[in-house]
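2 protein chains.
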Amino acid sequence: MAETRFDIVAMGDAIVDVIASCDEDFLVNHRLPKGSMQLLTPQAADSLYAAMGQAREMSGGSAANSMAGIAAMGARSAFIGQVAGDQLGTIFAHDMHALGVHFDTPPLSFGPPTGRCLILVTPDGQRTMNTAPGASHELDVSALDEALVRDSAILFLEGYLFGPARPRAAMMRAVDIAHAAGRKVAFTLSESVCIADRKAGFHAMLDGGGVDLLFANEDEALQLTGRTGLEEALAELSQKVPTLVITRGAAGALAVEDGKTVRIPAMPVPNVVDTTGAGDLFAAGFLTARVKGAPLAKCLSTGAIAAAEIISHYGARPEADLKEWIEL
Amino acid sequence: MAETRFDIVAMGDAIVDVIASCDEDFLVNHRLPKGSMQLLTPQAADSLYAAMGQAREMSGGSAANSMAGIAAMGARSAFIGQVAGDQLGTIFAHDMHALGVHFDTPPLSFGPPTGRCLILVTPDGQRTMNTAPGASHELDVSALDEALVRDSAILFLEGYLFGPARPRAAMMRAVDIAHAAGRKVAFTLSESVCIADRKAGFHAMLDGGGVDLLFANEDEALQLTGRTGLEEALAELSQKVPTLVITRGAAGALAVEDGKTVRIPAMPVPNVVDTTGAGDLFAAGFLTARVKGAPLAKCLSTGAIAAAEIISHYGARPEADLKEWIEL
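Line order of the protein sequences matches chains A and B. First residue of the first sequence: 302, per the working numbering; consecutive thereafter. First residue of the second sequence: 302, per the working numbering; consecutive thereafter.
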């Protein structure tokens, strides 16, 4: 495989997080299942925002967070995602560039505003996400920079953005381009609540050989396979993808590759502040170690370290000097 | 004095802070004097923003931060300031309302965007502020809610906004309205670098009896009086205002009123993260204690506690439950 310009290019939601603390009652009163992600209409988003406390804004988006983490850890990352030509879009693009992530998807000059994710953090550090995707779900195949996909060793796709038809079509096209160029495709299932209505699409992609590396958490693996036990789910999924990576929260993480299973324990985190971005940074750590040629166990532990950093503060973008933490 | 609808109404910059970490070299390379505040042209702001690292956005503005703190401590506060009809303006208004601060200055539908303050925080926790005031400096006397000023026990004015002619005229008008209604006027000098070019205006206001309560730090008191010793500066300023409050950083704070001087030591803060908002929250604590009828020493110590909370985390809006901290 020839040298590529980027190690990883991702396609995902281009979103600014709006993060506020709340108490448990607030979630109950607004009927928001704790720890979940729901999509909001613009009206529902405005109404929830009005009810929320004082907030801080930080660039977010699941795969975008992963690319930010990868850049912070010293690998070469790029991002494809749709913002609008507004102030939040400018903030999103600034933060990508500031981290050294290549990002040049042109902002939309019409249609909905840049997407927001209203994130409510309870005192236990759990985040409940409420996404008004806005321009993000308008990502069209015409905005796909095909040369960028060809010129990146790994194409990384986010399950959240696989729901709406338009960006899904762009993702499917990107998979074809990547594979035709001899690149690998990594996919993250993103969220168990997303799976129900896109299960057929996920399975078609997996069965069609579209995915070389699948990231999922335990819940997502069970949901996708319809199994009740993790071992059965692993057996099924590992038949469909060359590399399967499963995160299990406090139970650690595991990977199945070439018929072998590698397991690591979870990293102890003394003070969990905000769990937003844990999965995103796990993927970032894993992929960074992977492109640096680390063995599978090291890829898992690098993911765990990056996830531990992100949950020890507010927001889903790294604060500490991750390069020093990971020792690759 | 009849019962009022609000304890305190402030006029100040309506600004969103854009906060990023940087190293000492960044300040040197961009010729930014550490710890200072400078006004930027829109072009200079765009260029500095492009050079800055990944940022978080939080509502700011000096007097606005004070009103946020006052509301968090359980007093009734209101704010008058100018935003534009854009996303940052919506964020600013949301955060005021979320904290229970009355704010209904109509957004500008033309002209510059909502103001931003690009804040660079060095590893020692010092903040260097770079303000692109935008719509904030367009505050016009026509936007002044005169009934709101009449209906608030204290009018609180921010020195930063006293520079540009248009908001200064609105402030002078507000002082007349407040005094005609039997209200008190508090004024904060805001920043020693602001004083040089607005010294005459400050003195005219003080000499004309416009100010009942003056907040300044040691530097500002020396700059304004042109004295070299604090005692001489105190002697001069305390002739001009019924209540003089001086903050001295690690040396604590003092107040001069009715010929008596009260001094308190500084609060120890184990982990200074970001000094942004220290003066704003000191004023908030002092004023909250004041409107609750606390004695002068208690007003000073309440200010010190509120300032200690704000410098122990990023951003100039309170995070802890300040009401519990201050025990009024």
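In case anyone wonders, no lab produced these hints; they're calculated from the structure. Keep in mind that the hints are not guaranteed to be accurate.
As the list makes no split between identical chains, a pair holds if one copy fits it or if it spans any two.
Unchecked claim - Computed cross-link-like contacts, SDA-like style, restricted to lysine to any residue with a CA-CA straight-line distance of at most 25 Å:
1) K624 / H614
2) K624 / C323
3) K500 / G375
4) K599 / G426
5) K624 / G553
6) K624 / V574
7) K599 / S443
8) K599 / L328
9) K624 / H403
10) K624 / F327
11) K599 / E620
12) K624 / A482
13) K335 / A399
14) K599 / T526
15) K624 / G510
16) K561 / R499
17) K624 / A321
18) K500 / G550
19) K593 / N330
20) K335 / D622
21) K599 / E519
22) K561 / E625
23) K561 / L523
24) K599 / S410
25) K541 / A345
Taking the hints in turn, this is what the structure says about them:
no. : hint        : verdict
1   : K624 / H614 : both (17 Å within a copy, 24 Å between copies)
2   : K624 / C323 : between (33 Å within a copy, 17 Å between copies)
3   : K500 / G375 : neither (34 Å within a copy, 50 Å between copies)
4   : K599 / G426 : neither (27 Å within a copy, 35 Å between copies)
5   : K624 / G553 : within (22 Å within a copy, 40 Å between copies)
6   : K624 / V574 : both (22 Å within a copy, 22 Å between copies)
7   : K599 / S443 : neither (38 Å within a copy, 64 Å between copies)
8   : K599 / L328 : neither (38 Å within a copy, 38 Å between copies)
9   : K624 / H403 : within (19 Å within a copy, 45 Å between copies)
10  : K624 / F327 : between (38 Å within a copy, 20 Å between copies)
11  : K599 / E620 : within (22 Å within a copy, 38 Å between copies)
12  : K624 / A482 : neither (30 Å within a copy, 61 Å between copies)
13  : K335 / A399 : between (32 Å within a copy, 21 Å between copies)
14  : K599 / T526 : neither (27 Å within a copy, 64 Å between copies)
15  : K624 / G510 : neither (33 Å within a copy, 58 Å between copies)
16  : K561 / R499 : neither (29 Å within a copy, 73 Å between copies)
17  : K624 / A321 : between (29 Å within a copy, 19 Å between copies)
18  : K500 / G550 : within (23 Å within a copy, 60 Å between copies)
19  : K593 / N330 : neither (47 Å within a copy, 33 Å between copies)
20  : K335 / D622 : between (30 Å within a copy, 23 Å between copies)
21  : K599 / E519 : within (20 Å within a copy, 55 Å between copies)
22  : K561 / E625 : neither (30 Å within a copy, 55 Å between copies)
23  : K561 / L523 : within (20 Å within a copy, 73 Å between copies)
24  : K599 / S410 : neither (44 Å within a copy, 55 Å between copies)
25  : K541 / A345 : neither (38 Å within a copy, 53 Å between copies)
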